[in-house]
Every structure is written in structure tokens, then in C-alpha cells.
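Enquirer: Since the structure of chain A is provided, determine the placement of chain B with the ligands on it from the hints.
If you want the building blocks of each chain, they are given just below.
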Amino acid sequence: MRANGILPAVAVIALYLLVPAALGHVDYVMSLIVAALTIGGIAVAWAMLGNLGGMVSFGHAAFFGVGAYVSALLTLDAGWPVFPAMLAGGAGAAIASVVTMPALRLRGPYFALSILAFAHIFRILATELESITRGAGGILSIPVLPTVAGFDLSSKIGSYYVILTIVLMAMAGYAWLRRSTVGLALLAMHDTEDATKVVGVPSTRLKAMMLALSAFITGVVGAFNAHQINFLDPDYAFSGLWTVLPIVAAIFGGYRTISGPLVGALVIYLVDQLVFKSFLPHGHEIILGALLVAMIVLSPTGLVPLVRQTVTLVRQTVTRGHHAAA
Amino acid sequence: MLQLEDISVAFGGLAALSNVNLRVDNGEFVGLVGPNGAGKTTVFNVISGLVKPTAGNARFIAMDLLKQPIHARARAGIARTFQIPQPLHELTVRQNLIVAQKFGTGHSDPKRIDEILDFLGLTERAERNAANDLALTEHKALEVGKALATDPKLLLLDEALAGLETTGKRQFTQMIKQLHEETGLAIVIIEHDIETISELCQRAVVLDFGKVIADETPERIFRDPEVMRSYTGERSA
Ligand SMILES: Nc1ncnc2c1ncn2[C@@H]1O[C@H](COP(=O)(O)OP(=O)(O)OP(=O)(O)O)[C@@H](O)[C@H]1O
Ligand SMILES: [Mg+2]
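Protein chains in written order, with this note's numbering: chain A, 1 to 326; chain B, 1001 to 1237.
Derived by calculation from the structure, the hints in this document are not laboratory data.
Some hints here could point you the wrong way.
Examples of chain A residues toward chain B, derived with CB under 7 Å [as the list claims (entries may be wrong)]:
| id | residue |
| --- | --- |
| 1 | L184 |
| 2 | A185 |
| 3 | A188 |
| 4 | T192 |
| 5 | D194 |
| 6 | T196 |
| 7 | K197 |
| 8 | V198 |
| 9 | V199 |
| 10 | G200 |
| 11 | V201 |
| 12 | P202 |
| 13 | L206 |
Quick reminder that beta carbons are idealized off the backbone N, C-alpha and C, glycines included.
Pulled out of the complex, with its shape left as it was, chain A reads as follows:
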């Protein structure tokens, strides 16, 4: 039991201190890790929606894109500082999720598909509303992340710290919510919605809240991405990859656990970019697909539960070995 409390703390310290110390000077690897964390942030938000809200979304690209656009335009055209603008990007995505809320009445695949349609609508809006969004040509020279207390957050290590903090805060919020009474009610709603309603749970409102929260986190991540790469166009911001990669990462890592989506994103993205891409420059994504299938066959609940089971098994074997020796 106690080891379970220590492990996350060790992981957090490693992520904040060890990773930059070991890899901080390798710009290429650092930028890959930042990209992996970006996917990881969306994956956490996506898994949170599925696990607590009971909703499978194929449209998180919509929230990513809205967050990116809102934040980019606020900094460029309204002179907002970057961090408040990023929060506003998240809020913009949450508001955009309100538009998709009629879809909450739909169940299962219908919800998933309708939210996919919304992602396309937002992409079209970003292209057509030229006077606001600058249309298909996109937005150049989006302001970079600021320098805070002499520390340049737009540097590779700086942006690593920013996205890492965003993702860990999302995970902490997720963990807290899951343990709260609201989280319990959300869990119970999956299989026993009527019974949950008759004890006073406003289930539609809670689902809407979960969708807005998931959209908010995704929007903040989208905003981060805009200020990190300083460029945006509709096809990029609303690309289906912002939906697909997080889903793959979450399922691979274990979408039912809190750390699974992040672990999945780091493993999938880094292995893909550092290993597969080098010997299969074109079509390396296909290996990702194969890996995912293999994981689903091997351990449907994903990598994190698989590792946990293995660790428990090894521990038991070791203990048994001690007993046998004694």
C-alpha cells in the first residue's frame, strides 16, 4: 500500500528533475517529449471523459483547435499575456463544448459520431471566418511563452516544464474528482442511471460538466501548442490526429487508470518517433496500430495495469521464494 503512495511522488520528481538533467541538452529528444506530453494531456482529458462521464469522444480535436485559436487570437489581436490567454483558450473550448451538448442526449456511438461532426464544423468555421481567424492561410508569429523570473519558458526545457505542469495538474484534478462524491455519482451513472437520478443526481448536468472540464483541459493543451510552435492553421489545429493519437495513447497505456494515458502517450509517441520512424520513414504509424492491437489482445486494460499485475506477481513469487528458503 505504502509503495503506491511513493511511486507517483518518485515519478513526479523524476519528471521535473531527472528528465531535464539527463536530456535537457538534446533538443531533438526534448521536443519529442514535449510533443508526447501534449498528446498525453489530451489523452488524460479524453480518458477522464470516458471513465467518469461515460462518454467516448471522437472529437477532441475540436476542443484542441478552439483552445489554440482563442489563445492565439487573444494574444495577437487583444494583447493578452500568454498564460491568461491560455486559460481563456480552455474556457473557449469549454464554451464550445456547450454547443455540442445536445449530443449528450445521444448514447454510445451516436454521441461519438456527433462530436466528430462538431470537430469538422469548427474546422470549417476556422477556415471561413476569415476576418477573425485569418482563414486557411493560418496565423503566423503567435507570441511565445514568456520569461518568468529570468527563466525562459519558450526554451525547450521551459516549454517542457509548462506542459508537464499542465498535464500533472489535470491528472491531480482527475484523481481528486474520481474520489469525490461527484465522481462516485458519475461512476454509478454508467450502469444504473435511473437509480442514480432518483436519489437526486442531476445526471445530464454532471455529464455536461465533465464534457466542459475535459474540453477545458484539451483547450489549454491546444493553446500551449499554439504558443510553443507559434503557428496555426485550420487543418493543423483541428486535425484528426489530435483525436486519434490521444485515444491510441490512452487505450495503450490503460484508459481506466489515471497515469495510463500519460504513460501511453510517452511510450507510443517516443517509440514511434525514435525507433520505428528511423527504419520505416513512411507508414511507421502502421506499427502503432499493430502495437495497439497487440496490447488489447495481451492486456485489454492497457500497459499500466499490465505492469502493476506483473510487479505484484514478481513480488508474490519473491515472497514465496523467501518463505520456501526459510
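Expert: This is chain B with the ligands only, laid out in the frame that chain A set:
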């Protein structure tokens, strides 16, 4: 406190309820009886909001009930149990009560939860998975527990006693009686057993084919041969 006026419910072509009138006063204990398929559960579904009537009105205290969403009715003080127990899935027994209390009353009171667990004999089972690890009696008790945790003014019990063996049933009946005497809660119970109804209720309402065919004291009702014929499911052609 509760008044149903000319409530009708149709499922497809089937008239499940026709012009049902039902009144429950403060602190009353009412039995709702009738043969299988008479529409008893449907009455509870209308009151708790799971079924929308095709016609009629309903008031609860000063509230136009039919305009309210399900959760708001629970908040206003209407609690129900399900004929087939529906524990909140993925939760422990205690968590079931915590959710019901938090959302049904708007606040948390762990002491009250302990009291309810104790009253229902569920203390030992509190940390068990509610959906998977309970016996039938315990499931029935948890149904009542969820309802009580919302601190209701009106409690609707749908065959809370059915399926229990004799001793269990007697204990449960006494428990419900005690609950009514101590709290002055208004209760409506759906129950087939005549003795139980006679022991618990001041008034019984008989439903047959979706219609109220009697609304009297239990003694009078169970003396009426016409009612008894429908009640036992015998029908003259
Ligand atoms: N959701 C529904 N959809 C369609 N028909 C329904 C629905 N609920 C109930 N019915 C039908 O309405 C009628 C009344 O059902 P109800 O469950 O209210 O009866 P009941 O008096 O509670 O019976 P029992 O004693 O068997 O519990 C039945 O014919 C039933 O099949
Ligand atoms: Mg019934």
C-alpha cells in the same frame, strides 16, 4: 402532501394507467395493491419521474410535480425503492448512501449514514461492493437505505418485502413500522400480502387494469368479494 389527478399512462397501445387519482396525506401509510401488471410500479414511476404520463396532473406539497426533472423530485423529498433492487454500480454500500445523501439533501452527514447502516443491519456490509457482494435481504435493505439517505418526506416502497423468507419478512415489516412511527414519514407501499398491508397501512388503494377500483381501510377492502376476486387474479369472463 401528494395528489395525483386523473393520471393516464399509455405504453404504445397499452393503457397502463387510466384516470388514476391518488392522495397521500402527511404521515399517512398507504398500501398500493393489485394483481400483477395492474400498474402499481407505473404509479411510482410517474411520481418519481421515470415515466411521463399522457394525461393528468400531480402536485407534491406546493410543487407542480410533472414539470420537475427526476433529480429535483428527489431533492424535494420523494424517495423510492425499486422492485428489482438497483444498487448504484461500482460503489460500496456506504458509497451508495453517501451519493444518495449528498445529492438528495445537498449536504454530507457521516453520522447519519452510520445510523442508517445500523438501523438496516448493514454496518458489517458497509465496505462491500453493493452490486456484487450482497444477499437479497441486504439488497432490499440497501434500497431502503438509499431512499432514507435522501431524507425524504414521502417514501415509496415497491415490494420492499417481497421475496424475503418468513423471519426476514417479519423483521423487515417491523423495521418499516418502526420507521413510520418514529419519523412520521408518509409511506406508500406496494405489497401483495394482505396481512402485511393490514398491519402497516391505514388505507389501501386497489389498482386493477390501470384503474383504481377501491380506496378504503384495509379491513373493508379485504372484506369486499369483488375486490378480492380481482386481487387474487381471478376474473369473471
Ligand atoms: N416501460 C414500459 N414499457 C412498456 N410497457 C410497460 C412499461 N412499464 C410497464 N409496462 C406495462 O404496463 C403494465 C403495468 O406494469 P406495472 O409494472 O406498473 O405493473 P405492476 O402492477 O407493478 O405489476 P407487478 O405486480 O408485476 O410488479 C404491464 O402490462 C407492463 O407490461
Ligand atoms: Mg411492479
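Enquirer: Decide, hint by hint, whether the structure agrees.
Expert: Hint-by-hint comparison with the structure:
no. : hint : verdict
1   : L184 : holds, 5 Å
2   : A185 : holds, 5 Å
3   : A188 : holds, 4 Å
4   : T192 : holds, 5 Å
5   : D194 : holds, 6 Å
6   : T196 : holds, 6 Å
7   : K197 : holds, 4 Å
8   : V198 : holds, 5 Å
9   : V199 : holds, 4 Å
10  : G200 : holds, 4 Å
11  : V201 : holds, 5 Å
12  : P202 : holds, 4 Å
13  : L206 : violated, 9 Å
Violated hint: 13 only; the structure is consistent with all others.
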